[in-house]
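The numbers in the UniProt record's numbering rise by one with no breaks, and the one at position 130 of the sequence shown is 130.
All the given hints hold, so there is nothing to weed out.
DSS-like mimics (lysine-lysine), calculated; alpha carbons at most 30 Å apart, straight line:
#1 Lys166 x Lys138
#2 Lys138 x Lys89
#3 Lys166 x Lys89
#4 Lys166 x Lys135
#5 Lys89 x Lys134
#6 Lys89 x Lys135
#7 Lys166 x Lys134
Estimated spans, in silico, between C-beta atoms of each pair:
#8 Tyr52 x Asp127: 32 to 38 Å
#9 Arg147 x Gly99: 19 to 25 Å
#10 Ser75 x Leu120: 30 to 36 Å
#11 Asp127 x Glu107: 30 to 36 Å
#12 His143 x Gly31: 31 to 37 Å
#13 Ser125 x Leu146: 28 to 34 Å
#14 Arg126 x Ala104: 30 to 36 Å
#15 Lys135 x Glu170: 20 to 26 Å
#16 Gln174 x Lys135: 18 to 24 Å
Rather than coming from a laboratory, the hints here were simulated on the basis of the structure. Positions of the beta carbon are idealized from the N, C-alpha and C atoms, including for glycine.
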Amino acid sequence: MSGKKKADLKVIILGDYAVGKTSLICRYINGRFQTQEPTVGAAFFLKQWGPYNVAVWDTAGDERYSGLSHFYCRSAGAAILAFDLTSPKTFESLWARFGSILEAANEDCLKVVVGTKLDLVSSESRDITPEEGKKLAKELNEHLDLRKAPQVPYFETSSLNDENVKDVFEYIFQHCLPLSPDQKKQYQQLSLVDLKDSNSSGSQKACC
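From just these sequences and the hints, can you work out the full model?
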């Protein structure tokens, strides 16, 4: 579909290098698992959810691009903070590294904490527990009233096995976009329709 579309919601995804940010987006958008080269700068995707256009920005995890991440956070209505469930360091950096970056987002920005690579986690031995993830999600969203939300904004996902990936984005859209109960039920049954799938000038590769 050609022509410029105005985004009704801007979603930014943040996280350290190689935690699987791009794979998460590609699994949701394309419905398949894809290994990716590291994102350089940011990659941009515009998706339609019901009557709304949603812009999803995939940022580079390398610390060299932290300044760009701050720029891309401007006016974001929701942020996905992704970490590798098998790497405690990537979990610890969510607050330490990205807390200040998120100051550029909207005041009411929803922060969703997402653990990736669930397929590599052993039930007998976990580096980060769900309780720790939920605690961080609550702390990041103290400015929001989430009492009526279906759950704390914390998810554990596997892009490889397509586990809980859709739930992350549906949670964001239902929280951030104004829909009546009937509309929510209707649009939950709709598949997302591609509007545009492109790189920003700073990105080297997008999922396609």
